[in-house]
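Protein sequence lines, in the order shown, are assigned to chains A and B.
1 is the number of the first residue of the first sequence in my numbering; add one for each residue after it.
10001 is the number of the first residue of the second sequence in my numbering; add one for each residue after it.
The set of hints was computed from the structure by calculation and includes no laboratory data.
Treat the hints with care, since some could be wrong.
[As the list claims (entries may be wrong)] If you want a taste of the chain A side facing chain B, the calculated C-beta under 10 Å gives, among others:
hint	residue
1	N75
2	D81
3	W146
[Stated by the list, open to error] Here are the simulated distance ranges between beta carbons:
hint	chain 1	residue 1	chain 2	residue 2	range
4	A	V102	B	R10093	49 to 57 Å
5	A	V61	B	R10295	40 to 48 Å
6	A	K103	B	Y10224	51 to 59 Å
7	A	K107	B	Y10269	53 to 61 Å
8	A	K103	B	D10173	52 to 60 Å
9	A	K103	B	R10295	46 to 54 Å
10	B	R10093	A	T263	40 to 48 Å
Ideal Cβ positions, reconstructed from N, Cα and C, are used throughout, including at glycine.
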Amino acid sequence: MPARYLVVVIFLLAGFLFQVDDAQARRIAAKRECSICHIMWLDDFQRTDVTTLIPYDPKPVVDTGKQDVVSEERNCFSCHDGFVLDSRFVWQNKKYSHPVGVKPSEKVSLPTGNEDQMRPEENLFPLNNDGKVYCGTCHSAHGVNWKQKESPVFLRAKNIESSFCLNCHRNRSTGPKGGNHPIHKKLENIPAELLEAGSKFGKDGAVICQSCHRIHGGRGEKVLVASNENSALCGKCHSDRYAKDKTESTRMGTHPVNIVSKTVEIPEEITKKGGKLGKNGEIICQTCHRPHLAEKDAAILVKRNEDSALCQTCHIRERPVKHSKHNIALEDKGDKNIRGQEVGKTGVCSACHVPHGGKGPRMWARTPGKGPEIVSRLCLSCHSKGKIAEHKQVGPISHPLGRALSRLEQPARLPGFTKEGLKKTGGKGRVSCASCHNPHQWDPDDPGKASKPGDPSDAGNRFLRIANDGPRANLCRACHREKGGVRGTKHDGANMDALAKAGNGAPGLCKTCHLVHKGKGPRLWARKPMPGVDPVSSICLSCHNEKGLGKKKTIGEHSHPVAAPIANLGITAGPDGWATDAKKNPGKSIKNQTIKPLPIYDDKGRRVYKDGRVTCASCHDPHRWSAAPTPVKGAALTAEGDGKTSFLRIPNGRKGELCANCHFDKRPVALSKHNLAITAPAEKNLVGQVAKDVAVCNNCHVPHNAGGAKLWARQYGAGGDKAESMCRDCHRKGGIAQKKLTGDISHPLQADIKAVGGRTRLPLFNKDGARKGAKAGGRVSCPSCHNPHQWDPLDPASTAGADAKAEGDAGTSFLRIPAAPAGDLCADCHRAQRFIKDTDHDLRITAPDAKNSHGQTVQESGVCQQCHSVHNAEQALRLWGRKPGEGQDPNERMCRGCHGKGRVAERKIPVKKNHPAKVQAQNLRRRARRGPVRGYTPLFDDQGRVANTGVISCPTCHNPHRWSPVVMEYGPGENVEGSARNSFLRNRSKLALCSNCHGMDALFRYKYFHGESSRKKHQLYR
Amino acid sequence: MSQRNRFPGTRLAILVVLLLSACSIALAKEGIPLGKAEHLFDLDKGPDGPLSLPSDIAIAKDNRIYVVDGGHHRVLAYGPEGDYLFTIGKRGRAKGEFMGPLGIGVDNAGLVYVADKDNHRVQVFDRDGAYKFDFGIRGKNAKPGSPIDVAVSSKTGLIFVTENTQHRILVFDTDGTLLGGWGKEGVQRKQFRYPGTLIVRDGNVYIVDILNTVVKIFDERGQYQYKVGEWGVLPGQFYRPKGVAVDSHGWIYVTDSYMDVVEVFNSKYEFTHVLASGDQKHKFFAPAGIAVDSRDRLYVAEMLGNKVSVFKLR
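All chains, full assembly: derive it from the sequences and hints.
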C-alpha cells in the first residue's frame, strides 16, 4: 500500500476515534471545582465509549420549568442535605417556601440592570426559560462576593437587613403611612419563640422582612416563619393585643380576636378591602389590619378609620351613639381620651374606646371610676364628681352592682357581666350599669332618635335597654319578673295614685316604691324608711304605720319578731337550702320534712343565704298578693287578706304551712286536740277569726296585732304567770277545755326548781311567760311539762290526739317527755327521786295491776303517778294519789296505803308497831340547800311536812325513792328481799339512822321491829 | 508482481473495511455493569405518619434497626422485619432531645450513638431508647462543632465522629473523652472536604469524603490504608457520595445522593457493579446513609424519598 493511502487511513481512523460533533461546545471549562455544581461540564458526558451513571441533560424540564441543571433543586440538595451544609428545613416545609415555577405577579417588580452594565435591559434576577421564578432567580454562586461577611453568599445580591427582598418587593417597604407594616423599627422584646422558628431581626432588634418571613422552611402561608392561622404570628410580637379569647381581651383592654361574634357580622366591605377572618370565621388581627398594601394613611387598617368609620363598619348596632348625648363631641370636641386623641378629630368611638391598650374592659379609652363592678366603673369615668357627666350621677343609694344575676328566681332578660367585664346573657354574669343601659342608643325603641346634651329624659329613653315607662314598663321586670305580680295589687301604685304622690311624686308600677338611682333607703326605697327597725322592715313600716299609706294595716304592739336570726329556730340556712337542726328536731317524721327557704337578710338589709335574719319580707312578698299558683288579680285597695293572700310567700292554710315552715317543731299541733278546728271549730280568736277558717296557728297566735307575748291571740285566763294564763283561757271552768282542768290540788306552779335540785331540761318561764333559765327567774309553769303543740312526745306524726274525745295518759297528753311507763318527765326535775325506778316501789315490779286513785295502772300513770297525782290530787301533801291507810301521822298513813293489810305491800308490814310516836326529836343535821344530804333523817310535823322538830315517821328512816342508801342507782328490777344495807333505808352508817339515837343497839332494835324470827331468837327480846 | 498489482484498489478497500469494523467494535459504548438485589420492603412510616428526610441507619447485632428521622428530629427503632418499636427523642435541646440529628451508630453492647448535629453533641442511648449520656463536639476554633456521623469500633470500643467545621475525624474514649483525631480541610490523603458518614469494620475506618468524592479507609490509629472510587459520573466514580457500608464478604457499598445510585466494590476495592432491581439500575431518591445487617440485608436511607429501602443482597 502506498504510503499516501496509509496516511489517509490513519486520518480516517483518527477522525473516527475523535469524532467531533456539537459536544465540542461542551468542552469548555471542565474544571473540577466548577463541576462541583456544573455537573454537565464534565468531560465524561462527551465520551461515546462509556455510559455515564446519569444522562447528559444540561437544561432539563423540572417542576419549576426548563432551566439550567445547576439551579435545579436536586443539585442544591446534594450539598444542602446536612452533610455539607444543612438546609433540610427548606425541604421539610417546602410548601411554605418562596414560590418558584410561577411567573412574577404584578405586585412585584424585578429590577433591571442600570445603564452602566453590559445588558441594562436584562433582569438582575433572571427568570428561567419559561419566564418563571426559579432557584436561580435569587441564588447564584457568583453573585455576592464570598469574601464579604455581612451578607449570605449564594445570592445574586447582598441581603443586609432584608435588603435583598426589597429588590423585588419595593412596594412593601413604605411603612404604615404607605400601607405597610413598619420595618427597620426596633422591637423591644423579641419573642424567643420567633427566633427559635427562624426569625431574623436587624441591627438593635429592628424588624425586617425576615422577622416575619422565612423564605425557605417557614411554617405558614406567605412564607411566614410560623403559622399565622388566626393571626397567631401577629400575636407573637403584639402579644399585648392578641387575646386568646374574649375574657382575656377584656383583661388586656384590647379588641377581641379569636372569637366568632354573635352580634357583629363582618360586612362584605371589609373582606373586599382585604380583611380576613379566621378559619372558622373568627375575628383576627387581619380582619382590621392589612400588613401590606393597605390604604395609604390608614395605619395598615383595611379601611381608614376617620371619624370612627372602620369601627362603625362592623359595629352597626352601636352607630346610633353618634347622634346621642354619649357622643362626647357634642359636649366637648376637645375632650381627650387616654391617648390624648381629641374626640372631635378621631371620631365618636375614640372618646371611650381604643382598639388596643385600653384601661380595662371594652378597650376603655378613659380612666375608669371607682366602684364595685368593673363595667360600671367605665360609666363612672364620666358620671362622677368632677367628670364630664357629673350632673348625671346615681347617688349614694342606687341599684346594686356586681350582684350575680343567677340569684334571681328567673333568668334575667338583661345582660350581666363577668368579673372581667365580659357581657353575658341568659341570666349569667353580674349586674352592671350596662345591664339596664345601652350606652350606644338613646331610645331603646328607636335607634334613629337623637339626643343632645341638655335634652330632657324619661323612662322611655335614657339609654335604657328596654323602655320603662307607661304600658311599656318592662325594664325592671326583665330581671325581676317575679315582682311583676305587684301589678293590680294594693301595692300597685296605680291603685294608690293619689296617695303615692305623697311619696316620691312619681307614681308608677315600680317607681311608686323604688328609685333605681338616688334612693332614700334600702331596697332603693323611694320613701322615708321607718327608723328603729331592721333595714328591710323599715321600708315596709314606712307605709304600714299609723300615719303611713298602709295605716289600715299596721302590725300593732305585739308582732312577729324581726331581725331575729333564723338559726334561733334550729334552722341552718345555706345557699343550697334550709335544714333543720336534728337536735332540736327529734321527731323522725319532721326531720325528713322539707323546709322551703324564705328570704333572710343581714343587718344591712341585704338578702343573704346563711346567718340571716327574719324580716317582714321573709314572710311577705310585697309584689305578690297571693302565693297561690294562680295569683289573685285585681285585689282592690279595700280587699281583705287571709292566709292565702296578704302578700304571704307561702299560703298559710289550715295546717299553718307558712308558720310551720320555720316553726317546724310546732307542726304536730295540727294533729292534736289543740287544733281548735277539731275541738272547737266555731271558736274565735282575739281578732275574730274563726278556728275552722284559719290556720291552726291562728287559733292561739296571730303574727301582728297580737294580745301579748307569744303573739297571743286569745284572752288570758287566771294564772301566776302569762304562760299559765294562756293555758287557762281554755282550761278553766266555762272555757272550751273545761273538761281538762288541773283541779284544786295540782302540781305547784311558779315553783323554783331549786327546791328539787335546780337542774332540768324542761323550759321554765318568767312572769311574762317568756322562757328563762332558773337563775333568770324562770319558774315552773304549765308549758314546763306540756308542749301544747304535740300530743305524743315521742311521735310528732301521731294523730291519736286529733280527736276531741281522745283521752291522754302519762305517755301522751301534750307532755314534753313521757311520764309513763317510767317517770322520766317527773325525774327530769325531781332527780333525787329518779332512783325509784326498778325498785320494789316501782309498781311495775311489785304490783303492775294496782291502780291509783284515778283508777290508772302503773302502765297508764307511770311510776310516779301511782303514788302522786300531778293534777286533781286527793291531798296536797305529796300530791298523794293513792288511798291512804291507817297510821299515827299523815306520812305513815301514806305508807300504810300499801303496807297495810289487804294492800299491795301487805307482805312488808313491820311486825312490831310503829316507832314510838311519843318520841320527839330535833334533827341536828341540816338539809342541804339542794335537798336532803346523806344521813339526813327527816322529822315531820303533825301535817306530815318535813320539820326540824317533830315526830319520827316511816320516811324518817326510809327514803321510799331509793333502794340503797349508799349506791345511787336504779333498783334491781325485781322484787328481792332487803337487808339492813338497802331496804329503802336512808343510811346505814353508824352515825345515822338508828345508831344516831340508839348506838350499838340500833341493829338489834331494827331486827326487833322488822324480823319476827330474829326477835324471838335474841335473849333480850324473848 | 503484476499479479500483486492486479487488484490494488480492492485490497485497499478490504483493508479499510476491516479496520473500520475493528474500530467500531473497539469504540462500542460500554454499558453500566449491574448487580441485582431483591427489594424486600420499605420503612416509610413512623408512629404518626411518613418519615421526614431520613439520613442514616444503624443496625444492631440483633438486627434491630435504628433510623434517623431527621426532619422530625428523632430516631425511630424498628424490629428486624421492619415493625415499628419506639421513638427516641423529639425536637429540643434537653437531654434525650435532638436538633437536626444526622448520623447514627451502634456498638457491640447495643448502645445507640446519635450525631445530634445542631445540639453539637453525640447522645448515647441504651437499646430501648433510654438516655445514657452525651458528650459535646467542638469544632473549628473551639466553637461548637457539627457532628455528622458516629461509629464505634467493635474491637477497641473507640468512638469515631466526623466533624465537618474542621473537616476532621475525632476519636473518643468509650465514656466520651476526646482522645484525638486526624484530618483537616484539603485534598491530600489524610485531608477531607466535608467528611460524611463513616463506619468501622474489622479495624478499618471507612470515611466518605464528600467533596473529594472518595471513600477513604484508615486504620483505627488514623493511618491511611486505601481509597475507593474517584471523581466523576462514570461507574465506579462518585459525584456526591454520602453513605458507605461493608457486607459480610467485605464488599463495599457507596451511595451517591445526586446520581441516585448505590455503587458496589469488591473486597479488593475494585468497582464491580451498580445496584439494580430488575434489568435497570435501581434509582434511589437522594440516598444517603446505608447499612448492611448480619443477614446481608442492605438498608438505604432515601432522604427525598422519605423512606429506608431494604434489599436482600444474596
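Could you work out which earlier hints the structure fails to respect and list their numbers in ascending sequence? 3, 4
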